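Participant: One-letter residues, chain by chain:
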Amino acid sequence: MNFSWAYVKNNWKRLSEEGKLRIFWITPLSLGGFLVVWWILSILLKLAYLPSPIEVFQALIESFRIPAPSLGITMTSNIAASLQRFLIGFVLAFIAAVPLGLIMGFFRGAEMFAKPIIEVFRPIPPIAWVPIFLLIFKLFYGPVMVIFIGVFFPLLSNVIFGVKSVDSTLVDAAKTLGADRLRLFTKVIFPSTVPFLMTGITIGLGIGWMCIVAAEMIGAVGGGVGYYIYFMEQLGRYEYMYAGMVVIAILGILTVGISRYVEQYLSKLMGMR
Amino acid sequence: MKRSAIYAIVVVIIALVAAVAVAVVYVPTTQEKIIYWTQIAPAQQRAALIDNIVQGAVSWEPYVSDSLIDDTAEVIAWSNEIWPHHPCCVVAVKKSFAESQDVVNNDLVARVVRAHIDATNWISETIQNGGENYTKLLQIGAQFSGRSNEVVESAIEHIEFNYGITPAIKKWFENYTSMFADLGQISSLGGYSNVSAFVDSIVNTTYLERAMSVTPSDTILGTVRLGYLMGDLHQFARVVAMNESLWGGKTLFEKYGVDIQSPPPYANGAYLMDGFARDEIDMGYLGSPPALLKRINANIQIEIVSMVNSGGSAIIAKSGFASFSELEGQTFATPGVGSIQHLLLMYYANENGYKLKLKGT
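If you read the sequences in order, they're chains L and A. Heads up: the first sequence at position 128 corresponds to 128 in my numbering, and the numbers run straight through without jumps. Heads up: the second sequence at position 316 corresponds to 316 in my numbering, and the numbers run straight through without jumps.
One chain only, chain L, in its complex shape:
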């Protein structure tokens, strides 16, 4: 391979013409611009509740190093507490939504029976369940069940949609080749649903993070990033409050990013893209 200056220049020119290099300067420009505007505003406005990016960054580092006053735990423990709730809620939603979605998508009678009940509950925002779930499921499983609700419906909808979107030619071909209902389900319908399932997971993960923060702000045991944000606001330690928000943003980006990657990988693998 030729690594001459001309080679690099030509490739750079080609990538530049195709617009593929724009991300390398637009992304830093966007984030950098945001930080500069934030910084200038914090200097000009001099508001206690608008600390500078540096103060927030320092608070973020401190939050991992020193336990929060009265909570007695560091940000690592708060993240662990939130992740624990998040995982349990997510797994419960997965276990409930996937089989139910497959059944509702495959059997018309099951869908007709379950749909009215689901349609009654679907429009209720997950956060509306927080007060009652804290009483019914107590302080640990209350927030967990809010996440369950947040993840359950997008997952269910996508699985049902996935089953209904299966190419009828494939179904007909399988039937012609003698596949019974079980084989049709396991060999054709379920595999075709996987990319839709992954889309549901990606949407559910995003909603799940929103739910956990709201649920933890109202009540939680063992801390949690949502509770940490609320706690620091109550104390008036706003730089730490923003540090908690940054942590939530990073966790959200990471989980949704991983999910998107798996989704794309599976879609390619199964010839959907």
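Simulated from the structure, these hints should not be mistaken for lab results. Just so we're clear, the structure is a prediction, and the values are computed from it rather than from any experiment. Just so you know, not all the hints are guaranteed correct.
Derived BS3-like pairs: lysine-lysine, alpha-carbon spacing no greater than 25 Å straight-line [stated by the list, open to error]: (1) Lys138/L x Lys357/A; (2) Lys255/A x Lys318/A; (3) Lys46/L x Lys357/A.
Far from chain A by the CB rule (all over 12 Å, computed), these chain L residues [said to hold, decoys possible]: (4) Arg22; (5) Lys46; (6) Glu111; (7) Phe113.
Backbone N, C-alpha and C fix where the C-beta goes; we use that ideal spot for every residue, glycine too.
Go by the hints and put chain A onto chain L.
Facilitator: Just chain A, lined up with the frame of chain L:
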């Protein structure tokens, strides 16, 4: 479906389940004598006690009496028994409002304080003398708090309604500030050399002095936006002052020439301090600890111009627990770390040889 994809899904599911299992099974062990706490708003504490979510609670009135009247809980200690005559709620004013060039504002603050003093005196005399006014007082309290007369009667029994800011009260403010510093809840004293200098800067007794020379006014001289807490009977003086039936068809504030506008009640003192920061209110009734805490940490420029009450909080335990020592390893609900009730529980637990720890840690 390709075999590698199935393997990938199986591995992800197994990893998730394993992580959850480890997280659930892992319980840290400790040798210390521990009392746990968790944050639950006072209004929800009775339900949390009934459902055994917590076994104890600490809050203000009427939420303490809420749990006592129907035998949901019993008192472990009243706050006055732990800290005799400790200050609780105060009246605060936004400095920029009181010190604006408009002299009317300055006068309005003195007038609001005067109405507060008259209402406080009326409550104290009514409780002492009983009779028709006492029944009326209970009805007003019941209507405001959404509780029965019986709950209100139980609630006011342990509240000392007062307005004067004595040297002893200022000493208490210094104690609260020192406790916050010891707990690491404040990082500095906001430029003041010591807690005494800080408390001197936040307490302003001149309005109490000026209030005594305020006379009733036939006309409304101006408007004050007054914040208060939801259903809090510590702040009964404001409720009484706002009751038109007691003062000849207008509020006590109107009698002194002040039109009162109030936003919806705040859930706690920390939120009311945010109301000052957002310029929603000019004056407010709130607990002294959040006033001190957010004055330092959030630099919200307010002054404490009058006391509202002392005492009136309690540590309670679910019926069946005879003493505090039986509550080792159990969980208490507190309104939050910035509250006087949380400080009280922490102090009482320490005095009894227990460490207060966040539930689940």
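Participant: So which of those numbered hints doesn't the model satisfy?
Facilitator: 2, 3, 5
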